[in-house]
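Engineer: For reference, the chains in residue letters:
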Amino acid sequence: MARSIEIERLSPLAQVYRAGPHGNFEDGVGVALSEPRPGSIVQLAAWPGEERRMIDAIRTVTGLALPDGAGGGVSEGGKAAFGFAPGKFTVVDEKDGLAAAFAKAITPAIGTVTDLSHGRTVIRIEGPEAEWVLAKFFAIDFSLAAFPLGAGRSTTHHDVFAQIQRTGPDRFDVHVFRSFARSFWTALCHGSEEVGYEVA
Amino acid sequence: MSPRRTEQGGRIDRARTIRFTFDGAAYSGHPGDTLASALLANGVSLFGRSFKYHRPRGVLAAGVDEPNALVTILRGEAREPNIPATMVEIHDGLVAESQNRFPSLSWDVSAVNQLAGPLISGGFYYKTFMGPIIGPLKGTRFWMVCERFIRRAAGLGRAGTVPDKARYERMNAFCDVLVVGAGPAGLTAAKAAAEKGARVILADLEPRLGGSANWSGEVIDGKPAAEWAAAAVNDLRAVDNVRLLPRTTVWGYYDGNTLAALERVSDHKQHPAKGEPRHRQWTIRAKTVVLATGALERPLVFPGNDRPGVMLAGAAERYANEFGVLPGQKVAVFTNNDSAYRAAHALKQAGAAIVAIIDVRADISADMLDFAGKAETEMLPGHAVVAAEGGRKLTGIKVQRFDAASGTVSGEPRSVAVDCLLMSGGWSPAIHLASQAGAKAEWNEALQAFLPPKPTQKWTGAGAFTGAFSTDEAIEQGHAAGLAACSAGRDHFDAPAIEAAPGAPGSEPVFEIQVTGKSFVDFQHDVTAEDVRLAHREGFVSVEHLKRYTTLGMATDQGKTSNVPGLAIMAAALGKAIPQVGTTRFRPPYSAVSIGSLAGERHGDLKPERLTPMHDWHIANGATMYSAGLWWRPQIYGHAGETVEQAYVRETKGTRGTAGIVDVSTLGKIAVQGPDAAELLDRVYTNMFSTLAVGKARYGLMLREDGLAFDDGTTWRLGEQDFLMTTTTANAGKVMQHLEYFLDVIWPELKVTITSVTDQWAGAAIGGPNARAILAACVEGTAVDNAALPFMGIVHGEIGGVPVMICRLSFSGEMAFEVYCGADWGTHVWETLMEVGKPFGLVPYGLEALGTMRIEKGHVTGAEIDGRTTARDLHLDWMLSKKKPFVGSAMMDREGLVAADRLQLVGIVSLDNRPLNGGAHIVEQLDEENPHGSIGHITACCYSPSLGKYIALALVEGGKARHGSRAFTSDPLRGRFGPVEIVSHHFFDPEGSRMHG
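If you read the protein sequences in the order shown, they are chains A and B.
Per my numbering, the first sequence runs over residues 11 to 210.
Per my numbering, the second sequence runs over residues 94 to 1090.
Derived from the structure by calculation, the hints contain no laboratory data.
Since this is a predicted model, take the numbers as computed values, not measurements.
All residues carry an ideal CB built from backbone N, CA and C; glycine is no exception.
Do not rely on the hints blindly, as some may be mistaken.
These stretches of chain A come out as covered by chain B in the derived footprint (C-beta under 8 Å, 3 or more residues) [unchecked claim]:
1. 51-60
2. 65-77
3. 138-148
Work out the full structure: start from the sequences and follow the hints.
Structural biologist: Rendered as structure tokens:
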């Protein structure tokens, strides 16, 4: 029988993901939308006072060196990590198996590991109008000065909770609950029509 | 050439022609025209009818302060009323209609109201409400008769009835400096702040930035002011740290320097670009704000001041200079200040004859006399206009000697033939946003105006907003405000040289020429000076009461032109000074805001939907989907020709006969992890969880702190410090908040993390006599027999190559299992189960069958855990641990919560073999005509295929004590009354033999 790693994971966006240019794209597209589909999404929570050891564990497992301070993050080499609340971090890897790796590295004395690889959908928006389009949805200052590269933010659009990481100067990865992903994607496409968008 | 279009000048593009219609007639204009300017250019003087008296009205102003010329704009079948014609940019295909007239604008039957003036004076509807007594009609009955007619006659315009298909959006913005108003002060402030590197947003409600520079006729820095402004705008547009927002009205100033603004993105276009919204609602969070919102001119109050052809002097100047339109050919000017002389000069230069300047002041400065001389006009100092004559257009005025000190007229009135009268009663700084931001406006005697209060939030003022009415002051202040806004020190500033018309600020304190005749204060609500005095005579002394009684300042223009004159007339009546009477605080919005823009993209588009991992499978397999909160769940998988009842009966029989499968992915799932996880569960659940073995699940009940039942569900112990809590679908969020609250606030010492993992797991419940056999046929890596998987046991294995967790528990009452896997594999596992289950007769079932089976079993859901029931009411007292305290335990034994007459859970059987209704009452008396004495109500109902009867769960007084007794269901709303039997809520297999196999 086929093993799980061979069974294709079904994206909640599959039915609405239409590659190609859309909206007002005749004069160029303002944003590109895509679904990176990482293999692993893991949530880590450190007990108070154990944040440093958690950051060390993240570096040990992923090689990502997180800056101190709330909301700091880093994204490189197919991996990303950011703080989204005091002592809480989201870590993403394009490969699967991250939760198991963290389960070994993070003892109960440090904190907890929660696998959300299926529970969250990552939607990427990239391009010169990415800040403009996201500003339609979230009451967050998306300017580079206020939202530095690698940093993460927890926020909400109406009933849709979202964690957002800036993974490039004009690129953001928006993590939403899987069940809301199609609805949010549809809204994001709608909001992107004005600037023209391309689904990669 | 249009009859009123000037030969040259204006900021319109004369090379291009735009065609539009007004009241069905075709007109043309040019790019840059407003509807008002284009219609004026076409010789139109009558724009609408007034609110109450249906008097003919023309254009009073040229901007957002226009009270008269309200029009309805039609976009397809959608209609938007009450748009000032002065704020409508014309475009090809624009369709506009006048309002408040029938059958036509020029011949309006309701104009007869003008004869009924004394009957419908200020506060008339309050008096109508009070009486009088006429035969059988008195008090409220009289009002009810009048109400029909008043409501038909009242209101401004007519709202549309078809859905508005336009697109609206919301936008969030953050900046260091928000500059409101792009006149010379605002432009200079934005430039100063931008040069210091600040992130600047510059918003102005007009399409053409530049404010007064576009019509002042002044020279700035050697260039015509309009060119200077255009160059300044271009400079700002070229830098990255400035966002320009033309056509954007900043309409609300809220706490924390949060401002609301409405951008009219595509109203001026015949065809919006793809994806372009009509309006965009901005929420701007600004570190500092520069308010450079200018000033609004006040009318003078005299008889006939509302006639078409009577216009604010500054507005006429703007029509002449910005739009190349003459509001009249023979023009008189009536003023109490110097600014109107500039308008006279502008109109003279544009080609009009200035017949006379009537100034209430006897002493006019030499500068102004000299300036007036250039307009080749007759000067009438110490005079006032005492009447404006004409019907649908102005034909002439009457002028009399006037003593400003006493406010009296003398001598014989003299008639002057004019087709346009310009008036100026002084200027009021547009302090609305500052007032909204907090603090009370301050009266300035010299300027005869309210000035902005001292800031209580982070804003700075500049220009006419502060009472500095000259352009050189505006530019100086703008520069200083721009620097101050970004905390930069003053630097050397080469202020540009200004060539401006002469004139001193301030005005003579004359607001009204008190002679006989209808003198309007609030044009839009038809409030006259006499109405204000009537309110005073009737005992109103507070300006707030005056406002509400007369409706002064309460129309869509929010009294932009009427507040100060109204206050002055009230003050005079009271014998007080204006500041002693006080002023009302302004509130948002500054001008009308489209409802669509407030709804934003939530209008017909985004109602977020939560979809389970198997959603598309359900659709593809004929499910009728049903919204449960934000979730969409299968209601039934109907076959052709089946009713809902037939479908759920078939699905229930299939499940109880062979096997059924239902999507339970929507159940709330919360990962509870950490060394103190078990301790937390012991505290929040009524029963014990610390004793639960790893690999086992337990049904749990939570109470609220007040002792009432809160939520139920099973919690699985996956590891020593790792639990998976499930909640009801509806309460998942509430339970999460409940736990977060206790962890954050009450027990921060507990080392527990909680995470919503609802979306991590796809869940399928498979139940029925063949359920175990189906699993046995497809699960690898674990046995599923009774030994390996006892009731409430958990095993891990694989289905179709995908890791799964299986817990044996039952909601249906059958031998049942919940199968969980990663959500992205949910459809794969579901399809595998369906395929394997085919020979076993596996049927998918929806919410209706799920509900039916749970009613048959007497299991409770949110319908019974309704926030009013206790554990005892629901016969769950066996779950109340006596060995430990838990949330709610201290309060659950209160007298009222253990009373014998509480509503308790029972079963109901319909004795007339007719369906029961949720929400129907249970009554004891056979009195269908007058049902009374409710002893409870039905919470859930169905046809039970297992019993062959219509059954229900109900909450009934006395509960168990009534088992076996008869009563009646009463549902007058749905016309249902019939006999029922009260029975145990355990309808089906009360021993649980099927579940345990």
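Engineer: Does the segment 65-77 of chain A contain three or more residues whose Cβ lies closer than 8 Å to a Cβ of chain B?
Structural biologist: The restraint on the segment 65-77 of chain A is violated, since only 0 of its residues have a Cβ under 8 Å from chain B and three are required.
Engineer: Counting residues of the segment 138-148 of chain A whose CB is closer than 8 Å to a CB in chain B, do you get three or more?
Structural biologist: holds (count 3)
Engineer: Report holds or violated for chain B covering the segment 51-60 of chain A, Cβ cut-off 8 Å, minimum 3 residues.
Structural biologist: That given contact holds, which follows from 3 residues of the segment 51-60 of chain A lying within Cβ reach (below 8 Å) of chain B.
Of the numbered hints listed earlier, the single one contradicted by the structure is hint 2.
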